[in-house]
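Participant: Okay, here's what each chain looks like letter by letter:
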Amino acid sequence: MTVLYFAWVKEKVGLSEETVSPPAEVSTISDLMDWLSSRSTRHAAAFSDRQLIKAAVDQTHMPHASTLDGAKEVAFFPPVTGG
Amino acid sequence: MTVLYFAWVKEKVGLSEETVSPPAEVSTISDLMDWLSSRSTRHAAAFSDRQLIKAAVDQTHMPHASTLDGAKEVAFFPPVTGG
Amino acid sequence: MTTIRVQQHAFDPGAEINSFCARNPTSGGVATFIGQMRDFRGPTRAEGETVAAMTLEYYPGMAERQLDDLVKQARERWPLDDVLIVHRHGPLVPGDAIVLVAAATAHRSEAFAACEFLMDWLKTQAPFWKKEATSDGATWVEAQASDDARAAKWKK
Amino acid sequence: MTTIRVQQHAFDPGAEINSFCARNPTSGGVATFIGQMRDFRGPTRAEGETVAAMTLEYYPGMAERQLDDLVKQARERWPLDDVLIVHRHGPLVPGDAIVLVAAATAHRSEAFAACEFLMDWLKTQAPFWKKEATSDGATWVEAQASDDARAAKWKK
Numbered sequence: 000m001t002v003l004y005f006a007w008v009k010e011k012v013g014l015s016e017e018t019v020s021p022p023a024e025v026s027t028i029s030d031l032m033d034w035l036s037s038r039s040t041r042h043a044a045a046f047s048d049r050q051l052i053k054a055a056v057d058q059t060h061m062p063h064a065s066t067l068d069g070a071k072e073v074a075f076f077p078p079v080t081g082g
Numbered sequence: 000m001t002v003l004y005f006a007w008v009k010e011k012v013g014l015s016e017e018t019v020s021p022p023a024e025v026s027t028i029s030d031l032m033d034w035l036s037s038r039s040t041r042h043a044a045a046f047s048d049r050q051l052i053k054a055a056v057d058q059t060h061m062p063h064a065s066t067l068d069g070a071k072e073v074a075f076f077p078p079v080t081g082g
Numbered sequence: 000m001t002t003i004r005v006q007q008h009a010f011d012p013g014a015e016i017n018s019f020c021a022r023n024p025t026s027g028g029v030a031t032f033i034g035q036m037r038d039f040r041g042p043t044r045a046e047g048e049t050v051a052a053m054t055l056e057y058y059p060g061m062a063e064r065q066l067d068d069l070v071k072q073a074r075e076r077w078p079l080d081d082v083l084i085v086h087r088h089g090p091l092v093p094g095d096a097i098v099l100v101a102a103a104t105a106h107r108s109e110a111f112a113a114c115e116f117l118m119d120w121l122k123t124q125a126p127f128w129k130k131e132a133t134s135d136g137a138t139w140v141e142a143q144a145s146d147d148a149r150a151a152k153w154k155k
Numbered sequence: 000m001t002t003i004r005v006q007q008h009a010f011d012p013g014a015e016i017n018s019f020c021a022r023n024p025t026s027g028g029v030a031t032f033i034g035q036m037r038d039f040r041g042p043t044r045a046e047g048e049t050v051a052a053m054t055l056e057y058y059p060g061m062a063e064r065q066l067d068d069l070v071k072q073a074r075e076r077w078p079l080d081d082v083l084i085v086h087r088h089g090p091l092v093p094g095d096a097i098v099l100v101a102a103a104t105a106h107r108s109e110a111f112a113a114c115e116f117l118m119d120w121l122k123t124q125a126p127f128w129k130k131e132a133t134s135d136g137a138t139w140v141e142a143q144a145s146d147d148a149r150a151a152k153w154k155k
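Residue numbers (numbering that gives the first Met the number 0), protein chains in the order written: chain V, 0 to 82; chain L, 0 to 82; chain D, 0 to 155; chain W, 0 to 155.
Honestly, the hints are just simulated from the structure, not real lab data.
Cβ atoms here follow ideal geometry from the backbone N, Cα and C, with glycine treated the same way.
Not one of these hints is a red herring.
Simulated restraints, written as ranges between beta carbons of each label pair:
| id | chain 1 | residue 1 | chain 2 | residue 2 | range |
| --- | --- | --- | --- | --- | --- |
| 1 | V | Asp33 | D | Gln72 | 48 to 58 Å |
| 2 | W | Asp11 | L | Ala44 | 52 to 62 Å |
| 3 | D | Gln72 | V | Arg49 | 45 to 55 Å |
| 4 | W | Val92 | D | Ala132 | 43 to 53 Å |
| 5 | V | Leu51 | W | Ala9 | 30 to 40 Å |
| 6 | W | Asp11 | D | Pro93 | 20 to 30 Å |
The shape of chain V in the complex, shown without the other chains (with noise of 0.2 Å):
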């Protein structure tokens, strides 16, 4: 699973991709970003405030209840601010 990062998300983390291999016990996007905390103590500031962070499963806006159903590509970033 290829993970992205974008904006301050990003610059908190210091990666703006990475590839992982998460436990079969990681389904939803909640658990996703409990486990990448887990990862770094960027990971872990980058995630503490769940609320400022929007999720994309493969492109697509997901909220984090989500499950990943064997998502190719996850996406972390702030709420929007382009146009």
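Take the given structure of chain V and dock chains L, D and W to it, following the hints.
Facilitator: Showing chains L, D and W alone in chain V's frame:
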């Protein structure tokens, strides 16, 4: 008083503009249409269906019942179709 | 700032919009509307009748005054940084821009509202009359009840 | 027809709008919105802080897909002849057009509605993030609750 005609009202009357001095009893726009209609068959034809005619007094849209009150310029035209 | 121009010569909507944006660097949003002359009348070109040319008659003096009044009304409703209205009169050919309305504001919802308000009212209040030349000769375009309905919806 | 472009290089809104009008000769009305980069942040330039430059980060792939999906939603609501969206990414300077949305329709109310719908949803759904460079350094722009509220009003 200058009377202006536009669009098909102008074509029916056969004039774009005329200077008239209606008698004192011509006090409203409706009165003026009656009085103008008496001046020629072309005027009468132009004003035959009053519902189709809009009026402006001194360049401001006014309903037919409005009084002329020393108006200098009265215009008659169909509903507008610009834009 | 407000610019209202009623003119016979053709104008370039893109160039007008670029100048308008450039003179409003502190406005985050610019909404515009361009009404252009179609080469047919009716619901679709296939079902419609070909319109080769058009003449826009207008009431000089009142047209400018009416547009000015509409802009004043729009400014009473929304905080507008700038407004531009350009309206043609005289002979037009298919593809010509007939009217351009642009509104610059800090917030986009107000730019959209002002632009639509101006178009809706212009359509029912500004003294312009279209005469279309078709194969049957030239005929005056009839006003549409739907335009009155749209203008009325802005009444408080 | 639909054109969606997410691009780093600057674009000319007026030229884009003119091409868009020209390729839609049978559409009577074209509504557009241009979002431009201001040189300050805050309610007014006098009260605000100077913004010298901006970087627009985006999510390649998803941005285009999301805009495409928004246009599909707009087309389900309104009969649109044509839609154009151009959105910048990368470095921007004050005065640059950030986004252009244009909608061509037979009837103006639908062009306005579609254009505003697209902007409201783009603001809350399209994956772009603004980072402004001020004298205090570069900071990420925060999303506004008012944008969510505006997008929500389109929900049926």
